[in-house]
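Q: Chain by chain, the residues run as shown.
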Amino acid sequence: MEVKVQNIRKEFGRFPALHDVSLDIRSGELIALLGPSGSGKTTLLRLIAGLETPTEGRIFFGETDASEKTVQERNIGFVFQHYALFRHMTVLDNIGFGLTVRPRATRPPKAEIRRRAKELLDLVQLTGMEGRYPTQLSGGQRQRVALARAMAVEPNVLLLDEPFGALDAQVRKDLRKWLREIHDRTGHTTVFVTHDQEEALELADRVVVMSQGKIEQVGTPDEVYDSPNSPFVFGFIGESNCLRVDVDGGEIRFQGKTLGMAAAEDKHGEALLYFRPQDIVLVEDDTPHFEGQIASTRRVAGTRHVEVALGSGAHVELEVTPEQAARLDPKKIGFRPTRWKLFPV
Amino acid sequence: MAHNPPQDQGVTTETPFARALLIGLSLIFLLLVLVMPLLAVFTEALRKGFPAFLESLSDPETFSAIRLTLLVAGISVPLNLVFGVVAAWTIAKFEFKGKAVLSTLIDLPFSVSPVISGLVFVLLFGAQGLLGPWLQSNGIQIIFAVPGLVLATVFITFPFVARELIPLMQEQGNADEEAALSLGASGWQTFWHVTLPNIKWGLLYGVLLCNARAMGEFGAVSVVSGHIRGQTNTMPLQVEILYNEYNFVAAFAVATLLALLALVTLVLKALLEHHFSAELSASRRH
Numbered sequence: 001m002e003v004k005v006q007n008i009r010k011e012f013g014r015f016p017a018l019h020d021v022s023l024d025i026r027s028g029e030l031i032a033l034l035g036p037s038g039s040g041k042t043t044l045l046r047l048i049a050g051l052e053t054p055t056e057g058r059i060f061f062g063e064t065d066a067s068e069k070t071v072q073e074r075n076i077g078f079v080f081q082h083y084a085l086f087r088h089m090t091v092l093d094n095i096g097f098g099l100t101v102r103p104r105a106t107r108p109p110k111a112e113i114r115r116r117a118k119e120l121l122d123l124v125q126l127t128g129m130e131g132r133y134p135t136q137l138s139g140g141q142r143q144r145v146a147l148a149r150a151m152a153v154e155p156n157v158l159l160l161d162e163p164f165g166a167l168d169a170q171v172r173k174d175l176r177k178w179l180r181e182i183h184d185r186t187g188h189t190t191v192f193v194t195h196d197q198e199e200a201l202e203l204a205d206r207v208v209v210m211s212q213g214k215i216e217q218v219g220t221p222d223e224v225y226d227s228p229n230s231p232f233v234f235g236f237i238g239e240s241n242c243l244r245v246d247v248d249g250g251e252i253r254f255q256g257k258t259l260g261m262a263a264a265e266d267k268h269g270e271a272l273l274y275f276r277p278q279d280i281v282l283v284e285d286d287t288p289h290f291e292g293q294i295a296s297t298r299r300v301a302g303t304r305h306v307e308v309a310l311g312s313g314a315h316v317e318l319e320v321t322p323e324q325a326a327r328l329d330p331k332k333i334g335f336r337p338t339r340w341k342l343f344p345v
Numbered sequence: 001m002a003h004n005p006p007q008d009q010g011v012t013t014e015t016p017f018a019r020a021l022l023i024g025l026s027l028i029f030l031l032l033v034l035v036m037p038l039l040a041v042f043t044e045a046l047r048k049g050f051p052a053f054l055e056s057l058s059d060p061e062t063f064s065a066i067r068l069t070l071l072v073a074g075i076s077v078p079l080n081l082v083f084g085v086v087a088a089w090t091i092a093k094f095e096f097k098g099k100a101v102l103s104t105l106i107d108l109p110f111s112v113s114p115v116i117s118g119l120v121f122v123l124l125f126g127a128q129g130l131l132g133p134w135l136q137s138n139g140i141q142i143i144f145a146v147p148g149l150v151l152a153t154v155f156i157t158f159p160f161v162a163r164e165l166i167p168l169m170q171e172q173g174n175a176d177e178e179a180a181l182s183l184g185a186s187g188w189q190t191f192w193h194v195t196l197p198n199i200k201w202g203l204l205y206g207v208l209l210c211n212a213r214a215m216g217e218f219g220a221v222s223v224v225s226g227h228i229r230g231q232t233n234t235m236p237l238q239v240e241i242l243y244n245e246y247n248f249v250a251a252f253a254v255a256t257l258l259a260l261l262a263l264v265t266l267v268l269k270a271l272l273e274h275h276f277s278a279e280l281s282a283s284r285r286h
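So the sequences go chain by chain: X and Y.
Count the first sequence with the numbering used here and you get residues 1 to 345, in order.
Count the second sequence with the numbering used here and you get residues 1 to 286, in order.
I should point out that these hints are in silico values taken from the structure, not numbers from a laboratory.
Treat each hint with caution, since some may be false.
One-sided excerpt, in silico: chain Y residues whose CB lies under 7 Å from chain X [to be verified]:
#	residue
1	176
2	179
3	181
4	184
5	185
6	195
7	196
In this text the structure is predicted, and so the values were computed from the model without any measurement.
Beta carbons: idealized from backbone N, C-alpha and C, even for Gly.
If we strip away everything but chain X, and leave its shape as in the complex, we get (with noise of 0.2 Å):
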């Protein structure tokens, strides 16, 4: 189902943890909410279950006004942090609890709630733990017994909160694909929050990236990774270097050097130049370009990260092939950006 947040506004006593903040989430749609802690994108995930109330704004589930609906009435499914597990309850009876505490005119009957119960047990992989408790699962296999559980009532939209937070490095990528794939089977609407950029990226349809209760940019992976909107995004998403410039008559100038990079005709003065390691082409030649000497390099996977200083201060980061690296002047590196952003100052 299509949820829609309009100008939510959220206040916890006077600290105000989200401003202004619309949203349109697609139908079947795999959304992830990123931002560092802080950001308020844990609000917004508990603003749309209705475990929180919006100081302002509306939130709608479809064509239907959700704001003034319980978090009951809403019928979402959400995982916990750290999944909030009943453990006094067996896997089988923590799956199927949504469907047990329905009123008696729309209940299953308990045969029909434990079939459907070992169905999504099947579904997330557990086959045969339906005995067991909580404390008996490692932390993965509890994760999905929550997932479980916020399908089982079949709910308008599937809200996640930090998911994979507290699993170890392994198992979290193997249950990032697997949650790819049961989004893919099942097509729930499907919102969760993290902080890792990583996840998001790899997981996602579309990543809304927020920063101190704002919105900074909603797009694809690509486009977020691409084309960053703000210098927060270039910031937070993948590694980047930023350089003050000066721009003047549509080039690009630092320390008073040309560099044979265009700018817009229009703007004059002083503004930040954000660049990826990555985006960059070695300079040998007379060509105009950033010179400087490789202050230190360090090995990262199949790349070479070479740290360059500028002089006065500036330091940049490039990443090169280890055969490139292996052939540079140590007193002197030239290089170009072949993919930059300028922002104002």
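Fit chain Y to the given chain X structure using the hints.
A: Leaving out everything else, chain Y in the frame of chain X:
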């Protein structure tokens, strides 16, 4: 290397002599103030043999004291179970102004002398008290009657359940309840199916301590009781009366019942701590 302590000793480990001394001292202390008095209670009670012991317990006044104690505990403990859960829930799960005040007030009975607690009720409901004349004209008797005993006992034992549950509920947080609500459970269903099972052992622990105190309370109850024989004397009061009449066998016979209650409470408490330490609040874990 000469300054290093021996490998099997950490820096906090004492020398064998110090250890023996400390352990010995605590054991002697325990023997003197706990074990010997307890043994004395039983030997005194059985001094004239088992038949005499039984006979003193079947005395009508003593029997009525036992019944009254059970009645008072039977009313006060369930009341405090409900109050305790409500108070703990309020303090642990909500944020509101005056929370700190409420939290402090719950401890009030622990910090006030029981005699004062009893007196407060006499001043409120007694013949010369604030509400005395009105109660009298309506034929309601509170002081020197069962309602007064129950009120005093409820007041004295109020903190036990709440104090046990507050840290437990705070530690458990709201996530389980939120999960239940998000799955469509009503507030009441959430309480029965999620909250209560999560706190059941802590609750039992609190009730156990509450009951032991309710049956053993002397000071507050003594003030509001009026010591009417066969009517408003609870077990601890009966022990005092019998003792003052030099009826030692009878006095100690009733005392054995209270001592047994204490022992049973102690054993159950130890069992709870042993088996369900994870489900009792952190402050109770050993």
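Q: For every hint, state whether the structure bears it out.
A: Against the structure, the hints come out as follows:
1. 176: holds (5 Å)
2. 179: Holds - the Cβ of residue 179 of chain Y comes within 7 Å of chain X, reaching about 4 Å at its closest.
3. 181: Constraint on residue 181 of chain Y satisfied, holds at 5 Å.
4. 184: With a closest approach of 5 Å, the residue 184 of chain Y hint holds.
5. 185: holds (4 Å)
6. 195: violated (10 Å)
7. 196: With a minimum Cβ separation of about 10 Å from chain X (threshold 7 Å), the hint on residue 196 of chain Y is violated.
In this structure, the earlier hints numbered 6 and 7 are contradicted, and the remaining ones agree with it.
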